[in-house]
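Here's the letter readout for the chains.
Number of protein chains: 2
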Amino acid sequence: MLPAAALAELQRVFAADALSTDPAECLVYGYDNSRRQATPDAVVFPTSHEQVVELVRIGREHRQPLVARGRGTNTTGASVPTAGGIVASFERMNRVLRIDADDRIAVVEPGVINGDLQVALAPHRLFWAPDPTSAPFCSVGGNIACNAGGPRAVKYGATRDNVLALRAVAGNGMAFRCGTPTTKGSTGYDLVRLLVGSEGTLALVTEATLKLAPLASAKRTLRATYVDVGAAAKAVARIMAQPVAPCALEFLDDECLRLARGHGGDAIPLAGAMLVIEVDGEADTLPAAVDAIARAARGEGLEDLAVAEGEAEVAALWAARKALSPALRTLSPNKINEDVVVPVSRVPELVAATRAIAAKHALPIVCFGHAGNGNLHVNLLPRDEAEQARATHALDELFDVVIRLDGTLSGEHGIGLAKREFMPRALDAHALALMRAVKAQFDPDGILNPGKLL
Amino acid sequence: MLPAAALAELQRVFAADALSTDPAECLVYGYDNSRRQATPDAVVFPTSHEQVVELVRIGREHRQPLVARGRGTNTTGASVPTAGGIVASFERMNRVLRIDADDRIAVVEPGVINGDLQVALAPHRLFWAPDPTSAPFCSVGGNIACNAGGPRAVKYGATRDNVLALRAVAGNGMAFRCGTPTTKGSTGYDLVRLLVGSEGTLALVTEATLKLAPLASAKRTLRATYVDVGAAAKAVARIMAQPVAPCALEFLDDECLRLARGHGGDAIPLAGAMLVIEVDGEADTLPAAVDAIARAARGEGLEDLAVAEGEAEVAALWAARKALSPALRTLSPNKINEDVVVPVSRVPELVAATRAIAAKHALPIVCFGHAGNGNLHVNLLPRDEAEQARATHALDELFDVVIRLDGTLSGEHGIGLAKREFMPRALDAHALALMRAVKAQFDPDGILNPGKLL
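Residue numbers (my numbering), protein chains in the order written: chain A, 1 to 454; chain B, 1 to 454.
Simulated from the structure, these hints should not be mistaken for laboratory data. Each hint should be verified, as a subset may be incorrect.
Any copy will do: because identical chains look the same in the list, a pair fits if it lies in one copy or spans two.
[As the list claims (entries may be wrong)] Below, in silico cross-link-like pairs of lysine-lysine (DSS-like), each with a Cα-Cα straight-line distance of 27 Å or less: (1) Lys439 x Lys322; (2) Lys155 x Lys335; (3) Lys211 x Lys234; (4) Lys219 x Lys322; (5) Lys360 x Lys439; (6) Lys155 x Lys219.
None of these values were measured; they are calculated from a predicted model.
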């Protein structure tokens, strides 16, 4: 329950249609794609930086939790207001403020939908690299909060590599700007990258200056099938060890292929494993680049290597890949989708280990994802309560394997609630203590997204 | 003067040949390329992480300033022990611990010389992107401290973009690891990028995991001359607005050309301005890439565009470019070399403004540098005391211009002592306060490189 004084203050800042305490409406702003849920005491819809400054002031004064929300597509519970308080939905701060093609930057409000931004950039022959599956629905602010990635990250980097400057309001009430709209900068501590991936626990972002990349003129999609996952994983390491960077290098194991074929039809082959490889470039350089990638894709265990013919086949390959995540949910409403990451050379070991864990616990586990970054989506698919209980142990063992392989818990989804308990396994006690110390400075009252990440 | 108790403790940790309080030897470790100087009370030469942990413990216990030192090639006074205390020279922690070609990473101690690392990587057909002019002498640890760049940064990024993980000892005594040896990671706050560019004020780095890039098989060097600096600056913006990224895009103004010709001979033309453009790629893609860059380089004001013929001409172009900085010092022993950065589209305005400032103060000012990142080395060249006095005002105006053009104080040199007083112009008071708050957490006693950066 929001204190009456806090509500009164909110009402002074937010118009009636930009503030709700109606439980039915609040409910809608209390869940995300983790299927966790909690009802906030109020939802506000800021439309300006100044309102966010006021919001933080009110939150501090009344010690109310403030949970920033993009579009709730994240999978970790990071936007679930487990401690109640106020959800700040940034959906109305959705303006693209400036596109500067010469400097390859866009200045946006945090509520801009990733896909809308790409549409706005296309006439300038530019794009912003992060392309999570949820791109048509997720917001740039959410991408910043969890350091979102996607297939293109293998060549163009994830969110952290593509944000140049931020305007934000720290939990201590201080509004500030950090970074510069330049690709180089060495003026003080890097607060920009500190905020990216901090899941709304340090500051609320009100404006972002994004680094854009030029759209390549042409693109070619290859599909390579292998006798087994090990052979495919070794091909991934070979592809990444040569100089031509693919702009996507996606891996699907045999189970995924079976499922994907249901969505993508005959364009999806059945095999031990498949790589979907995308190469971009200029018309006159692309053929040589495709050759280089194809050479690396060949090797022991290759069954078939083909350049996708026509837009329909390319679309089917990608539709299948992108439909996998939701498809798996149909199969297992309680699926656990991890986005662990290991060094590329350890991908074969990771895949082998997930197989062993699946066998040991008699639990379906499938692997797919951004193999070029070593970032695999390991999906545990419990179908009943007994399997669910076993999945908990399997997950525990998975994280142990990942850490042993020099990897980490998350490549692009973040920590949120879901992986918080595993943080002491991924990070040493001193690193965690320093992160907590940073948190305490930015948010001394602990009002920003309490209970998440740390 | 080091307290006797502190010295006794240091002697227990460091062997006689790894510790000196001899003023003559201390003197040598008290200056850098800023020509500032101060004599520390002691110099130690750690050879292990554990010794650094002990060093910080002793520093804290006895409240002694600790100044980490690479090879003292920085230009900002960042490694000058202005508060006395202990200099930790990392020159003996210079092992390349591991090169992992499949994962494109190298694990190194901070004292490894940048150039030595590149030599060790070459057989693997890999390189580490940062390539400051001082690469043959400067250390990786120093590169990390000031977020060093160089010509290649325009395509491959600066130091911050190419460090994946660190081992370090914070000023509060906590030894920790942060980051992972993977190209993606979303597990907690990004302490790695926070340390990069922090100039030894937060923690002493004892190990770094570096992101490597594959060496392109071939490279082509172009030189383009223009009637004036404005035409060249516009060509820079055109080159950066198209999809093919050059791996170097260096700008030299007319004054620089005159000076460079003295070093590089006839290979250096006389013109209003020159761009040295380097394009790398595979043998079969390079010609098309060179064409794309050449098309962009053409335009109003182009005088001559030529692909450098033979290794000798390429070497002469680069030798001239790299010799400029020291050459200017001969001209003006008190030269002020700023490495300001502005958005690429504002480079013409920046160059024009420096011309106006030079005229107003009757002071030689030359511009050259990494134009593709908007990162220009603006060199003020006072030749006598009167010009030196005027240079102070000129510098002041230069920073005002840079901030007005949406740029910042430093692209790759850092802040140190030299630009500290200008920080409140580049950053708002809240951003500075948050940086100070972070500093206070990592280094509550203020022993790490006191008086620098903030």
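**Message:** At most 27 Å between CA atoms: does that hold for Lys439 and Lys322 within a copy, between copies, both, or neither?
**Reply:** Neither: 35 Å inside a copy, 43 Å across copies.
**Within, between, both or neither: Lys211, Lys234 at alpha-carbon 27 Å** = between (33 Å within a copy, 20 Å between copies)
**Message:** Reference check for the pair Lys155 and Lys219, CA-CA at most 27 Å: within, between, both, or neither?
**Reply:** For Lys155 and Lys219, the Cα distance is within 27 Å both inside one copy (13 Å) and across copies (21 Å).
**Message:** Within, between, both or neither: how does the pair Lys155, Lys335 come out at a Cα-Cα threshold of 27 Å?
**Reply:** Classified as neither; 29 Å inside a copy, 41 Å across copies.
**Message:** Reference check for the pair Lys219 and Lys322, CA-CA at most 27 Å: within, between, both, or neither?
**Reply:** Within one copy only: 18 Å inside, 38 Å across.
**Message:** Within a copy, between copies, both or neither: which one fits Lys360 and Lys439 at a CA-CA cutoff of 27 Å?
**Reply:** Classified as neither; 40 Å inside a copy, 48 Å across copies.
Violated hints, listed in ascending order, are 1, 2, 5; each of the other numbered hints is respected by the structure.
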